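Trainee: Fit chain Z to the supplied structure of chain F, relying on the hints for placement.
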Amino acid sequence: MSTLPKPSRRDFMKLAATAGGGLMLGFSWTSTSASAMKVVKDSSLAGGSIEFNSFLSLSPDGIVTIFSPNPELGQNIKTSFPMIVAEELDADWTKVKVVQAPLDTKKFDRQVTGGSGAVPHSWERLRKAGATARQMLMEAAAKKWKVSTSTLITENGMVVHQATGRKLSYGELATEAAKVPVPTDVKLKDVKDFKLIGKVVRNVDNKEMITGKPLYGMDFYKEGMLFAMIQRPEAFGTKIKSVDAAAAKAMPGIVDVVTFKNNVAVVGKSTWQVNKARKVLKIQYEKDGDLESSSDHDRIFKTLLAKPEATVRRKEGDVDAAFKKAAKVVKSEYQCPFLSHSPMEPMNFFAHVRPDGVELAGPTQTPEMARGMVAKMLNIDPEKITLELTRLGGGFGRRLSADYVLEAAELSSIIKAPVKVIWTREDDMTGGTYRPAVRYRFEAALDTQGNMIGYKLRGAGINAGNPTREDNFPSGAVDNLLIESIEHKSTITTGPWRAPITNFLAFAEQAFLDEVAEAAKKDPVQFRLALLDKAKKSPAGPVRYDIDRMRGVIELAAEKSGWGKKKGVAQGFSVYFSHRSYVAQVAEVKLKNNKPVVDKIYAAADCGIVINLSGAYQQVRGGVVDGLGHAMYSNMTFKDGVPEQKNFNSYRLIRMKEVPEIDVHFVNNGIDPTGLGEPALPPTGGAVANAIFKATGKRLRNQPFMEQAELKNA
Amino acid sequence: MATYKLQINGRTYEADVEPDTPLLWVLRDNLGLVGTKFGCGIAQCGACTVHVNGNAMRSCVYPVSAVGNSKITTIEGLSADGDHPVQLAWDEVDVAQCGYCQAGQIMTASALLNRNPKPSAEEIDNAMHGNICRCGTYHRIREAVALAATKTK
Numbered sequence: 015m016s017t018l019p020k021p022s023r024r025d026f027m028k029l030a031a032t033a034g035g036g037l038m039l040g041f042s043w044t045s046t047s048a049s050a051m052k053v054v055k056d057s058s059l060a061g062g063s064i065e066f067n068s069f070l071s072l073s074p075d076g077i078v079t080i081f082s083p084n085p086e087l088g089q090n091i092k093t094s095f096p097m098i099v100a101e102e103l104d105a106d107w108t109k110v111k112v113v114q115a116p117l118d119t120k121k122f123d124r125q126v127t128g129g130s131g132a133v134p135h136s137w138e139r140l141r142k143a144g145a146t147a148r149q150m151l152m153e154a155a156a157k158k159w160k161v162s163t164s165t166l167i168t169e170n171g172m173v174v175h176q177a178t179g180r181k182l183s184y185g186e187l188a189t190e191a192a193k194v195p196v197p198t199d200v201k202l203k204d205v206k207d208f209k210l211i212g213k214v215v216r217n218v219d220n221k222e223m224i225t226g227k228p229l230y231g232m233d234f235y236k237e238g239m240l241f242a243m244i245q246r247p248e249a250f251g252t253k254i255k256s257v258d259a260a261a262a263k264a265m266p267g268i269v270d271v272v273t274f275k276n277n278v279a280v281v282g283k284s285t286w287q288v289n290k291a292r293k294v295l296k297i298q299y300e301k302d303g304d305l306e307s308s309s310d311h312d313r314i315f316k317t318l319l320a321k322p323e324a325t326v327r328r329k330e331g332d333v334d335a336a337f338k339k340a341a342k343v344v345k346s347e348y349q350c351p352f353l354s355h356s357p358m359e360p361m362n363f364f365a366h367v368r369p370d371g372v373e374l375a376g377p378t379q380t381p382e383m384a385r386g387m388v389a390k391m392l393n394i395d396p397e398k399i400t401l402e403l404t405r406l407g408g409g410f411g412r413r414l415s416a417d418y419v420l421e422a423a424e425l426s427s428i429i430k431a432p433v434k435v436i437w438t439r440e441d442d443m444t445g446g447t448y449r450p451a452v453r454y455r456f457e458a459a460l461d462t463q464g465n466m467i468g469y470k471l472r473g474a475g476i477n478a479g480n481p482t483r484e485d486n487f488p489s490g491a492v493d494n495l496l497i498e499s500i501e502h503k504s505t506i507t508t509g510p511w512r513a514p515i516t517n518f519l520a521f522a523e524q525a526f527l528d529e530v531a532e533a534a535k536k537d538p539v540q541f542r543l544a545l546l547d548k549a550k551k552s553p554a555g556p557v558r559y560d561i562d563r564m565r566g567v568i569e570l571a572a573e574k575s576g577w578g579k580k581k582g583v584a585q586g587f588s589v590y591f592s593h594r595s596y597v598a599q600v601a602e603v604k605l606k607n608n609k610p611v612v613d614k615i616y617a618a619a620d621c622g623i624v625i626n627l628s629g630a631y632q633q634v635r636g637g638v639v640d641g642l643g644h645a646m647y648s649n650m651t652f653k654d655g656v657p658e659q660k661n662f663n664s665y666r667l668i669r670m671k672e673v674p675e676i677d678v679h680f681v682n683n684g685i686d687p688t689g690l691g692e693p694a695l696p697p698t699g700g701a702v703a704n705a706i707f708k709a710t711g712k713r714l715r716n717q718p719f720m721e722q723a724e725l726k727n728a
Numbered sequence: 003m004a005t006y007k008l009q010i011n012g013r014t015y016e017a018d019v020e021p022d023t024p025l026l027w028v029l030r031d032n033l034g035l036v037g038t039k040f041g042c043g044i045a046q047c048g049a050c051t052v053h054v055n056g057n058a059m060r061s062c063v064y065p066v067s068a069v070g071n072s073k074i075t076t077i078e079g080l081s082a083d084g085d086h087p088v089q090l091a092w093d094e095v096d097v098a099q100c101g102y103c104q105a106g107q108i109m110t111a112s113a114l115l116n117r118n119p120k121p122s123a124e125e126i127d128n129a130m131h132g133n134i135c136r137c138g139t140y141h142r143i144r145e146a147v148a149l150a151a152t153k154t155k
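Chains as they are written, first to last, in this note's numbering: chain F, 15 to 728; chain Z, 3 to 155.
Looking at chain Z on its own, in the form it has when it is part of the complex:
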């Protein structure tokens, strides 16, 4: 066991965990930040996506010992009131069915818009291809990312 100080959503959290614990489980079990979801555990589905220094990262295979001083953003910290352009677009397009994968989808989409504010349809498809939605809301995800791009300053 070791103590880690983690910069998450603009705050400092402390967790006493084993070094190989994936960030996903530190967030969920130790810090109560359960918006980041467990889907596959092998970085195949994208449900666990968070931002590490603004880039999309699969937290299920990211050991807490590797986090260091990196700035982590989870779905809970994407915006203060759920009003990030991507979140607003997700509501407006009414994307979710079961909703379980959507936090990961939103984090992947918002990381895309961070580095590419005006993505083409093909760039959206490429960026979102790694996130599985078992309900099949892909069309609305596409639509919402494109809509969010128009809302992003």
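Here chain F stands alone, though its shape is the one from the complex:
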């Protein structure tokens, strides 16, 4: 985890008078120049050549326009970012208009959706933008009324003179406020004075979404645009040998069939026509690498875990000695499958490569990276590439990769026409960049009092990089510790999947710790708290998680769930730190017709200050649903390099009747926001597996749970 640089006060504000009069404030997010403040002419604003990184505008009719720079994929950033600005501005929320900004590296930085990092990164910048504008509006009012700003307050889009009750709206003050020198040091609100932050605020795109307005990449249409689908190799580890496109080219509506890299693109006038034509393509493939099956992976895992050497990620004390003198040793292996991201909107992107520049539009979590890669591929200046961000119909990490953007751009450059490449669900599910499969081996050494004196973890991954998080809990709490990783390079492509690595590591670790607590004859919650105590009082090495915050969510989840006090229900505990935030969960399982059924899940989250209670609550609940669904049902397997699940009839996602009640609680500690898009997902699998053990005595160590003998035969 890197430390985020705080913006300096000096490089903060830039000012412009808008074309219609009024105040336009830009706030620089990256500038390091000593004095960046200046009045910017209307023309330069219109031309987009101002050195802003982001801005809000206030028009004389009182409308506050706030640009939201980050891709919106359901994390609700398009509502929560503007709320932060509006809070410090004391804006009338009903007069706030939110606009999705296109990629603009001059105005914005970190236009990324990933790593649960947008709010932590922008929190202070957004607050200052609102507070500075508010200060200028107050100064304009003070000048007009010939009073001191200290006699003024702001509320709901108005400046109020308290002594006389006089009021002026922000719209009325906007033009005069634009002439006020930009203050260099504004006071931010005290957290206790927040009026908007922490409240339930409905999604700013609700109306558009519930009436079916075009919002998504799939809905993007441009006059003259062609439609394309791409046939990619069926098996990982193969390449094109020959293509016979004669029959496809003769199909109605087909404009062209072109082959590039390992792709055969069918281009035509409608989606259905290209979909039909691609089915009559005759393509022969030849072997280009290993054709792996899931049974190979099982064998590979065994080999990797048996190897004497691996990459050491963290080492403390003397593990060999600790295990030698242990009163008891617990050893278990946990395995997680490949997963498809399967956002509801399949991959798609629009590209128009012209001689003078490139136009891109569609859903991506990383517009800047995608543009950079297109620029490199086409050998063109990135400044000549525009990228319009559509709303994303989900991402889950899949749209952090730019493969589908590059394909669209390359195809457009070949056919010299505007084209949208559309992936079918089968294309999306079989097209790779999966969550990597990993097998973990955990070992714990206990002394006669049941204290964990040794801990070993080896993660063996397939294209997983480092599948451990060596500095996470319980590192720091065990004197003798060894964490290592080992990797198999595969032809099957992998990529980040919501809460990368931790989405399955958390399950394995938290289920294993439950096994250790069981062996030590200790209550799972008390066992974890004792480890935290140890990490606090006599750390075995650097502790890179906040012990008090982790303790806070553990205690809150235990309290809200009535941990250990309930009869007739089996409870399982789990806690995890990821993406700067802390979430503890308690799953409750009941036996129905002798089968374990997840009845309820309690989640206690510490993400610092909650911005939007509606979005945050659902983000946690949705994360738990996501964690539960994939732990229970989803599995991507391979036969000779071919993905065996191709659509939702064989790749199972969680559905309505399978979701238990989920109860969400937040720790209210006033800490600056620390991210919430991912942290609620990792703990769920562990809490559920631990509750199932309590209910049935059966320990689930592999996912998906529903395919394991322990549940199948239950």
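Rather than coming from a laboratory, the hints here were simulated on the basis of the structure.
Fair warning: this is a prediction, and the values are worked out from it, not measured in the lab.
A portion of the hints provided could be inaccurate.
Computed spacing ranges between beta-carbons, pair by pair [to be verified]:
no., chain 1, residue 1, chain 2, residue 2, range
1, F, Tyr235, Z, Pro65, 45 to 51 Å
2, F, Glu237, Z, Ser67, 25 to 31 Å
3, F, Asp75, Z, Pro65, 47 to 53 Å
No residue lacks a Cβ here, since even glycine has one placed at the ideal position from N, Cα and C.
Mentor: Frame of chain F, contents of chain Z only:
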């Protein structure tokens, strides 16, 4: 290719397409009604749900040649101003995350309320089970359908 006259949202549309073209793609590519979403193409996820004579139907597997004089309603035609009780409930409960599946969810829910204005919790779950929401907004969908039932005359 053949010309089809389609009764959609109270209007007559004409489309010149091949007979096996699914209604979904006629709506999206030919008529510009893109509120109906493509999710799976095999009637497994419900994102493409429309009403055919008031009943929920998966438009991704419904060939245009089979539509005939049936009255089609899409999300764009569910109400004039987005004020159908189900739409109002979806806003009030603040259901959507990414939102991509929600048009299909709303069409399934409104078809349910057409035939069963006061569904039980179990009937809501049964009706909505065929619609996947990858973000996991199921609790709010449940809540919104129940709320819409109280708003339905």
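Trainee: Each of the hints needs a verdict: does it hold here or not?
Mentor: Verification of the supplied hints:
1. F:Tyr235 - Z:Pro65: 45 to 51 Å: Taking Cβ atoms as reference, tyrosine 235 (chain F) and proline 65 (chain Z) lie about 23 Å apart, which means the hint is violated.
2. F:Glu237 - Z:Ser67: 25 to 31 Å: 28 Å Cβ-Cβ, so the 25 to 31 Å window holds.
3. F:Asp75 - Z:Pro65: 47 to 53 Å: With a Cβ separation near 50 Å, aspartate 75 (chain F) and proline 65 (chain Z) satisfy 47 to 53 Å, so the hint holds.
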